[in-house]
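Student: What follows is the residue order along each chain.
There are 2 protein chains.
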Amino acid sequence: MAQVIADRRDVDFVLHEQFKVSELSKHEQFAEFNKKTVDLIVNEARNLAVKELLPTQKIGDRVGARFAAGKVTLPPEFHKAWQLFCEGEWLAMPEKLEYGGQGMPRLLSMAANDYLVGANFSFMLYAGLTHGAGKVIEAFGNEEQKRLFLKNIFTGKWTGTMLLTEPEAGSDVGALNCSAKKNDDGTYSITGTKIFISGGEHDLAENIIHPVLARIEGAAPGTRGISLFLVPKYRVNPDGSLGEFNDVVCTGIEEKMGIHGNGTCSLTMGGKGNCIGTLLGEENKGMRAMFLAMNEARLHVGLEGFACATSAYLYALNYARERVQGKHLLQGKDAPSVPIIQHPDIRRILLTMKSYVEGMRSLLYYVAYQEDCASITDDAAAKARHHRLIDILIPVAKGFVTDRSFELCSQGLQVYGGYGYISEYPMEQLLRDSRITMIYEGTNGIQAMDLLGRKLSMDDGQLYLDLVAEIQATIDRAGQVDGLAECTARVAAALAKLDQVAGHIGKAARSEKILGAYAFAHPFLDVFGDVIVAWMLLWRAAIAAPLAAKQSKDTAFYKGQVKSAEFFTGAILPVTLGKMEAILAGNEAAVEIEDASFGG
Amino acid sequence: MAQVIADRRDVDFVLHEQFKVSELSKHEQFAEFNKKTVDLIVNEARNLAVKELLPTQKIGDRVGARFAAGKVTLPPEFHKAWQLFCEGEWLAMPEKLEYGGQGMPRLLSMAANDYLVGANFSFMLYAGLTHGAGKVIEAFGNEEQKRLFLKNIFTGKWTGTMLLTEPEAGSDVGALNCSAKKNDDGTYSITGTKIFISGGEHDLAENIIHPVLARIEGAAPGTRGISLFLVPKYRVNPDGSLGEFNDVVCTGIEEKMGIHGNGTCSLTMGGKGNCIGTLLGEENKGMRAMFLAMNEARLHVGLEGFACATSAYLYALNYARERVQGKHLLQGKDAPSVPIIQHPDIRRILLTMKSYVEGMRSLLYYVAYQEDCASITDDAAAKARHHRLIDILIPVAKGFVTDRSFELCSQGLQVYGGYGYISEYPMEQLLRDSRITMIYEGTNGIQAMDLLGRKLSMDDGQLYLDLVAEIQATIDRAGQVDGLAECTARVAAALAKLDQVAGHIGKAARSEKILGAYAFAHPFLDVFGDVIVAWMLLWRAAIAAPLAAKQSKDTAFYKGQVKSAEFFTGAILPVTLGKMEAILAGNEAAVEIEDASFGG
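From first to last, the protein sequence lines stand for chains A and B.
Per my numbering, the first sequence starts with residue 1, numbered consecutively.
Per my numbering, the second sequence starts with residue 1, numbered consecutively.
Honestly, the hints are just simulated from the structure, not real lab data.
Just so it is clear, the structure is predicted and the values come from calculations on it, not from any experiment.
A portion of the hints provided could be inaccurate.
Listed next, the in silico BS3-like pairs over lysine-lysine satisfying Cα-Cα at most 25 Å (straight line) [what the hints assert, rightly or not]:
1) Lys-497(A) to Lys-58(B)
2) Lys-513(B) to Lys-513(A)
3) Lys-327(A) to Lys-553(B)
4) Lys-181(A) to Lys-285(A)
5) Lys-146(B) to Lys-285(A)
6) Lys-507(B) to Lys-513(A)
7) Lys-96(B) to Lys-58(B)
8) Lys-507(B) to Lys-333(A)
9) Lys-146(A) to Lys-285(A)
10) Lys-333(A) to Lys-513(B)
11) Lys-35(A) to Lys-553(A)
12) Lys-333(A) to Lys-285(B)
13) Lys-333(A) to Lys-182(A)
14) Lys-20(A) to Lys-507(A)
15) Lys-553(B) to Lys-35(B)
16) Lys-80(B) to Lys-35(B)
17) Lys-513(A) to Lys-327(B)
18) Lys-20(A) to Lys-96(A)
19) Lys-285(A) to Lys-327(B)
20) Lys-507(A) to Lys-327(B)
21) Lys-181(B) to Lys-51(B)
22) Lys-146(B) to Lys-181(B)
23) Lys-327(A) to Lys-513(B)
24) Lys-507(A) to Lys-333(B)
25) Lys-157(A) to Lys-51(A)
26) Lys-327(A) to Lys-507(B)
27) Lys-80(B) to Lys-36(B)
28) Lys-513(B) to Lys-559(A)
29) Lys-58(A) to Lys-146(B)
30) Lys-559(A) to Lys-96(A)
If you only want the chain B side, here are some residues facing chain A, beta carbon under 10 Å, derived [what the hints assert, rightly or not]:
31) Phe-406
32) Gln-551
33) Thr-576
34) Glu-588
Output of the computed footprint for chain A on chain B, the stretches with three or more beta carbons under 8 Å from beta carbons of chain A [said to hold, decoys possible]:
35) 7 to 21
36) 248 to 261
37) 323 to 335
38) 338 to 346
39) 408 to 419
40) 423 to 434
In this text, a Cβ means the ideal position worked out from N, Cα and C, and glycines have one as well.
Please model the entire structure based on the sequences and the hints provided.
Tutor: Below is the structure:
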């Protein structure tokens, strides 16, 4: 059967040839993850994904999460998949063994998730949120909270969420109204309504654990007065057994464009005055906890969007190879019709998809790899450097990757022609599902502001400088490789121009021209991401070019790596440079226009 | 109530100030359409749209067309809307009075359809196809066919379709298998299956008239052997009454991403050997008939996509004015939160939407206006020139406009944040509905090939030269207007560069570099369209700039016109120039890459 999630050869290339995952096993922490084990784990993840999760993708879309009388019911196929998923211990792959994790390198868990999320992202969203909730408890919980909750969460016996959004507090978290009142026993009574809670209620697991942002009565307004609480659906007795219902009521789920397999819940806490939570971390430090948990969550959302795109690419590629329609341009009208992959317009679409998918896969895996590098080093400076690289790349991994992924899904749909619009084929679901990733976990506009307003200037610009040094190192290496002179020069030119743009917009953002600068925050994220993709493709080509010259079963693959770099740097980067010119031009019309002049 | 379909001030601006619709009334053909009448008709169209059609939009999406036992049932609200629509005589606005039309300028009917299609495009698709079928009969039918069918079609008593696509013949029409066998009485027995037939079966009207492409037994393969037939669902007796069922059986409808209100049917003709059609036009000349009908159909699809975008813009604008979230960037953390229209990123999105919507509205209306100009002149050279302008702009009006409209819908959805993804709000339906317009009536890849491969070189390039002369005339006019020097210079520079690109790619398309050229056909359509939008915005600004300087109730509107031009030429055209550089660079990787190197 043709591949329809991730191209295994490409996954292996990134794991073994680009980031050399098994070298991590030289360190004690990852000693058991040699090449053989790595390959075995990817095999197992792919098997589970293809055989068990993928068949539930369309069921999730068609049947979906159903709401009735406060309960959310998932299709039986989801229950079976959840059981297998938990039995396989896939939920907390990189976490510590003592809490039910596997202690795996994040780079490897990223590869496994490439398959698992790609097989059914609305299903895997339950897992991702559960993992995220566990991470918050691990980072901020006291020993009692960890003892009571962590293992059950990391093994999927209980699931988790994140209760953040309220009707009047979306992007502006500081506006939230949910309140907490301290009780004599040190617990808090929680009252309030949260919306857009993915996996907020369902019948997959016996308990659901909600980290909740709320304001302790009398606390400061805005983000400074927000605290984080642990609020289970059912209370947990000191012996770990389930106690009484904790007055967390699901009042409905949203009808939405996609990810129908995941119920998006409205939850009311304390409607009967009977919702009890415990403080996670310190009072009024809830936002700090949020931010720490956010990198992982945003990286996961980037992967969700990406998973739709890599799948869309493979489906479109397979379809283009099979669908016979129209004559070859170099042949006459009476020649036999050819597979549409022979048509230049289709080839351009496919190579656009291929190069972005490859570049974005490398980017996502790279961020995970930086986590591993940070965790194995004892050198504080090196550790800090890895964290800086992560911090500056997170808005790209979330915002840029999901923006491009949605576009790639649309391009893949176009390859199918009319069939792309029909629910019988996979493309329209991928397009619908992928669209949410541009919105949740911080809209991509928020990501762009995070890059421009925080990350670019953080630590006196050191995050950015570290990243540029990494890109420059690849340019230097690629410059030594036969056949890559032109590609290398193009990436170098783009980096030089990005430097100019970053200097320009970064300075403007800290001046009286701040409004004009922020009007170009999102275009800046676009060009920033394009340069990163170009960097990753050049890195790949520098490995592949020497190998492409030799005859082997992988020759076509390696040649394809070089072509991706040639195409992206030759046909996409000129557009990126145009986008950079637009930023440098600094047109202020969007700031200057009077509100009334928008019409309406 | 806030406007949610088309901005009336903008519609009036294009009708009266840009194209001066009432001057058409100086010609006998349009004598009754003075300004007062024009305004009355737009009022009436808007009333019908807002009060009667708009409430059916979501019903169409949720309830949709239902299939059971060969019948397709539409919601009762669609029946009522169809009755009002037909009573108001909106179906064939620009057609001749003798056949039930209103003899209206196409420019005016475009404005009316801006509202009607914008209110419910899947409903209006029945009307558009019916109108199109009538046009084909008017152009190619004999007197008997016109007498029997035309008035009932143009008044909506019967509806129409176009039966073209088959499972193995989509973009490649010439591959079709549907067959026709001549009978002794001069009629033809039709046999075959057609798919993706919008409005192919429904219960809105008592009869459905299908123009059908089929191959007469023994005719040549490919497009040369295709003929066009008139195949009614129920046969029509010589006295115009309905006869027996004509063996056109609906075997199912597609589940699809959007436009649920319009049933996409599979039709089997002659399954019982009892389907009779009459020849429309000449034997083996079916493709010619198709092409002649195509301009109108493609313009209508462009309008469909555009209608989603203009609506998305107004919804997003209204939402941005009402949704309070986050602090103003120039104010402190303790300042009150502001409507999100105050945030630069939102303003950039809104101004991007506004400028594209305005430019594309002008483009669509301009094409309609050229039809009017052609119809009122007796000067053969002038008439030919108007038709050349229409011909070169059709792939832009269809392909470019629908590509951009889908993107604008996505941007509008983004303004809503999480609410954009929820079916309770209008954005996600607009996004889903709009996506089909990039596919049907010739995919946008086909449009791009039409522009590059046919229109650019047709008549020794005269179509292109005529268009450039029109753009240049606007540049010359705008150059005289105070305050527009910079915008004008930018449009002139873009036109000069487009000229270079068109020369480059046009030459390559007729050389041994044809494959490489066609790989950039779609990017060429993109930049071609951007220059046309820039042209239209400059035209608008040249009218508005002098008026913006005076105080009146329209000052904000006119200032907004200038801002659209400033923004598009200052912030978008630099990107367009980058896309042009990419075309000129002529990267051949998409052509060179081996099929195996795509992976999978």
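Student: For the pair supplied as a hint, Lys-146(B) and Lys-285(A), confirm whether the alpha-carbon distance does not exceed 25 Å.
Tutor: With Cα atoms ~78 Å apart, Lys-146(B) and Lys-285(A) exceed 25 Å; violated.
Student: Taking 25 Å as the top limit, are the C-alpha atoms of Lys-497(A) and Lys-58(B) close enough?
Tutor: violated (47 Å)
Student: Has the region 7 to 21 of chain B got at least three residues whose CB is nearer than 8 Å to a CB belonging to chain A?
Tutor: holds (count 3)
Student: Taking only the CA atoms, is the gap from Lys-80(B) to Lys-35(B) under or equal to 25 Å?
Tutor: Status violated; Cα separation ~31 Å.
Student: Decide if the proposed pair is consistent with the structure: Lys-507(B) and Lys-513(A), CA atoms, cutoff 25 Å inclusive.
Tutor: violated (45 Å)
Student: If you count the residues of the region 248 to 261 of chain B with a beta-carbon closer than 8 Å to a beta-carbon of chain A, do you get 3 or more?
Tutor: holds (count 5)
Student: Can you confirm whether the C-alpha distance between Lys-333(A) and Lys-182(A) stays at or below 25 Å?
Tutor: Distance ~80 Å between Lys-333(A) and Lys-182(A) Cα, so the pair is violated.
Student: For the pair supplied as a hint, Lys-333(A) and Lys-513(B), confirm whether the alpha-carbon distance does not exceed 25 Å.
Tutor: holds (19 Å)
Student: Would you mind confirming whether the straight-line C-alpha gap from Lys-96(B) to Lys-58(B) stays at or under 25 Å?
Tutor: violated (34 Å)
Student: Is the interface hint satisfied for Phe-406(B)? The criterion is a beta-carbon contact with chain A at less than 10 Å.
Tutor: holds (7 Å)
Student: For a C-alpha distance cap of 25 Å, please report whether Lys-20(A) and Lys-96(A) respect it.
Tutor: holds (22 Å)
Student: Can you take a look at whether the region 408 to 419 of chain B is actually covered by chain A? Rule is 3+ residues, C-beta closer than 8 Å.
Tutor: n = 5 at 8 Å, threshold three: holds.
Comparing the model with each earlier hint shows violations of hints 1, 2, 3, 5, 6, 7, 13, 14, 16, 21, 27, 29, 30 and 32; every other hint is respected.
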